[in-house]
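K.L.:
If you use our numbering, the sequence shown closes out at 293, no skipped numbers anywhere.
Worth flagging that the hints you see were computed from the coordinates, not collected in a lab.
Model, not experiment: these values are computed from the prediction.
One or more hints might be untrue.
[To be verified] Across the chosen pairs, the derived CB separations fall in these ranges:
#, residue 1, residue 2, range
1, 139, 196, 39 to 49 Å
2, 59, 253, 37 to 47 Å
3, 124, 190, 17 to 27 Å
[Stated by the list, open to error] Below, computed lysine to aspartate or glutamate pairings styled on EDC-like, alpha-carbon distance capped at 20 Å:
#, residue 1, residue 2
4, 13, 62
5, 201, 129
6, 201, 216
7, 201, 236
8, 201, 65
9, 201, 189
10, 201, 179
11, 201, 191
12, 201, 139
13, 13, 60
14, 13, 27
15, 13, 129
16, 13, 23
17, 13, 54
Here a beta-carbon is modelled for each residue, glycine too, at the ideal position from N, C-alpha and C.
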Amino acid sequence: MTAAGVLFPMEQVAREFRALVERPVPLEMKTADLGEGLPDEPVDVLALRALLLHPALGHQARGAVWARLLELAASGDREGEDWRLAAVGMALPGLTRVSMRWARTVKEATPEQRIWPQSTADPAISAGPDALVAATYANRASVPRDLWLHLLEHAERHVDVLVYSGTFLAQSNPHVAEMLATRARHGTQVRLCFADPTGQAVARHDQEEELDGTMAAKIRASLTYYRPLLGQDRCEVRLHDATVYASLFRYDDDLLANPHIWGQPASANPLLHLRRGPARGWFDHYAASFDAVWTAARPWDGTTARTSKE
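Using the sequences and the accompanying hints, generate a full structural model.
P.N.:
This is the structure in structure tokens:
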């Protein structure tokens, strides 16, 4: 990113891009006419970047988006300036990876290699766990709604959810149960694991977050959204009595891990967007932890007995 011939460092570009996406009137692109796999409604810049980074987006659709982006950036008006910044901001994750790879190569190179660098693949970057972190978010609320919808709509094999109450899933998407049922009818295995409202883990978690006994009620309210899934082929809902160190949301080879900070709501904590790689890594460790909790959980029959405190 340049202005008056001065090269801006990537940190400054990141700050300017953040200011662009956080302004009151979002910068949006119409993608309905660009091909399959793209939203019908206008997409804001932050959601568009998440979409471009997602592996499920086809090459043709991704190319069409970039072509439209460059077309908008070519405009000479103020909006064109905004789109030029947006284009650099969207390319920033890739630019950052390339610069890190180059910096490591230069640091470890001999004097001859620094003068005549060769194109080499760095396995520590291309196959390491860092390369499989698609995105990080300061808190769960920062994750674009379009990303949640995209992951769910394109899941073909697995949808696994591990939460205490998971109220935000239905609140942000009232059609979530219907969408899960649709995925199941198309062959996706759906496993939803909520906390047992009568269990010790919920009572302890309620006390730690100073919720005054409301956690169990939140879970019961959340469960009502998923009652229609009971009896549906390839859909199963279970209740666990485990300490949840991270809320997990798996969609095939993508996994959103929302680690919990003691005494704080999950929505205020960071979130990692992980992808499965050829070697065992973070994705696999979180997926294995889900399986362990799932195995110990009990099936939900559609009813939840109330405790004497409620």
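K.L.:
All the hints need checking, so say for each whether the structure fits it.
P.N.:
These are the hints, each one checked on the structure:
Between residue 139 and residue 196 the Cβ separation comes to about 41 Å, which falls inside the hinted range of 39 to 49 Å. Between residue 59 and residue 253 the C-beta distance comes to about 40 Å, which sits within the given range of 37 to 47 Å. Restraint check, residue 124 to residue 190: a C-beta distance of roughly 24 Å satisfies the suggested window 17 to 27 Å. In summary, the hint linking residue 13 to residue 62 is supported, as the alpha carbons are separated by about 14 Å, within the 20 Å threshold.
A hinted pair counts as satisfied when its Cα atoms are at most 20 Å apart, and residue 201 with residue 129 does not qualify at roughly 25 Å. This hinted pair does not check out: residue 201 and residue 216 have alpha carbons roughly 27 Å apart, beyond 20 Å. For a cut-off of 20 Å, the pair hint linking residue 201 to residue 236 is broken: about 30 Å separates their Cα positions. Of the pairs offered as hints, the one joining residue 201 and residue 65 is violated, with about 42 Å between alpha carbons and a cut-off of 20 Å exceeded.
For a cut-off of 20 Å, the pair hint linking residue 201 to residue 189 stands: about 11 Å separates their Cα positions. Between the alpha carbons of residue 201 and residue 179 the distance comes to roughly 11 Å, so the proposed pair stays at or under 20 Å and holds. Between the alpha carbons of residue 201 and residue 191 the distance comes to roughly 16 Å, so the proposed pair stays at or under 20 Å and holds. Note on residue 201 and residue 139: the hinted pairing is violated, with a Cα-Cα distance of about 30 Å set against a maximum of 20 Å.
Taking the CA atoms of residue 13 and residue 60, the gap is near 18 Å; set against the 20 Å cutoff, the hint holds. About 9 Å separates the Cα atoms of residue 13 and residue 27, which keeps this hinted pair within 20 Å; it holds. At roughly 14 Å between alpha-carbon atoms, residue 13 and residue 129 fall within 20 Å of each other, so this suggested pair holds. With a C-alpha separation of about 8 Å, the suggested pair residue 13 and residue 23 falls inside the 20 Å cut-off, and the hint holds.
Our distance criterion of 20 Å between C-alpha atoms is met by residue 13 and residue 54, whose separation comes to about 13 Å.
Checked against the numbered hints listed earlier, the structure breaks hints 5, 6, 7, 8, 12; every other hint is satisfied.
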